[in-house]
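Using the sequences provided together with the hints, build the complete structure.
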Amino acid sequence: MATVTVVGSINADLVVEVDRHPRPGETLLGSGGEVSAGGKGANQAVACAKLGTQVCMVGAVGTDAYAEEALKYLRTSGVELSDVSAVDGPTGLAVITVDSSGENTIVVVSGANAQVDGGFVDARRGAVEGAEVVVVQGEIPASGFSAAVQLATGRVVVNLAPVIDVERADLLRADPLVANEHEAGLILTQLGELQPPATEEEMAAVLLAQGFASVVITRGAGGAVVGHGDTITPIPAPRVEAIDTTGAGDAFVGALAARLAHGASLVDASAYASRVAALSTTRRGTQSAYPTAADELP
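In UniProt numbering, the protein residues as written are 1 to 298.
Do not rely on the hints blindly, as some may be mistaken.
[What the hints assert, rightly or not] Across the chosen pairs, the derived CB separations fall in these ranges:
| no. | residue 1 | residue 2 | range |
| --- | --- | --- | --- |
| 1 | Gly25 | His262 | 44 to 52 Å |
| 2 | His21 | Glu296 | 26 to 34 Å |
| 3 | Glu296 | Ser85 | 34 to 42 Å |
These are computed hints drawn from the structure, not numbers from a lab. All residues carry an ideal CB built from backbone N, CA and C; glycine is no exception.
Below, the structure written as structure tokens:
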């Protein structure tokens, strides 16, 4: 049985590089146009598996030409794919624009991921119930999210990205909730906080007060903030020369899950994940850029 089960999206990524992001209504020339494997769920599964952890993926691809490319690194990194199904229609697609500073914008078309609903996940309940850590994101239907967290008997890592409407009780199963600073603000609004705090440390404290067992708020090159109990701990990020930040947040979540599955504390796991994510930004691409256990981390 897998140590970590990831329930989530599997996409093909279409990546375009530009000097700067276009303004509304503006046309710019770009380069690239390559299609590669992506999706928040698949990214996190690959990041976790490449670090030497046994991983099972629960998700769906379409019956189009993108499906094999979307599964490429899941296969080569050794992720268990018996709970991934091909469904009629297109594979999920992410259109990613990366500027000269490495910052990105992403538009996601759900495709087959829209089929990963409550019934789909329940039909694969063995993979979820048997995992020590279950990881779930927001790129699948809310019913699939709910089924995953309700079936989980191990630790639940929730990365509600994008932020979708889910039941409060299901969201509070997270231990930890992982969100970047923007997502944390949206989650707080969803939970009824009309004026989300200005700093990540304050956001973490308010999320804990809302009932979360633990939270991790990532802040890119600024590292992360870990909240647990009455303690808020800043996690620094190593300084690197970033060339592509696409998928760095997913590298963080995958590495975090790997460490938690092997018994690390949340603070230690977050510090390790910050280093993995930093290294991933020094290489182009997402899954292909993720380090292995043999790589020297910054």
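**OP:** Given the hint of 44 to 52 Å, check if glycine 25 and histidine 262 actually sit that far apart at their C-beta atoms.
**Re:** Because 50 Å falls inside the window, the suggested range holds.
Subject >> Consistency of beta-carbon spacing, glutamate 296 to histidine 21, with hint 26 to 34 Å >> reply: Check passed, 33 Å falls within 26 to 34 Å.
Original post:
Is the distance from the Cβ of glutamate 296 to the Cβ of serine 85 consistent with 34 to 42 Å?
Top reply: Cβ of glutamate 296 to Cβ of serine 85: about 38 Å, so the range 34 to 42 Å holds.
In summary, the structure agrees with every hint in the numbered list given earlier.
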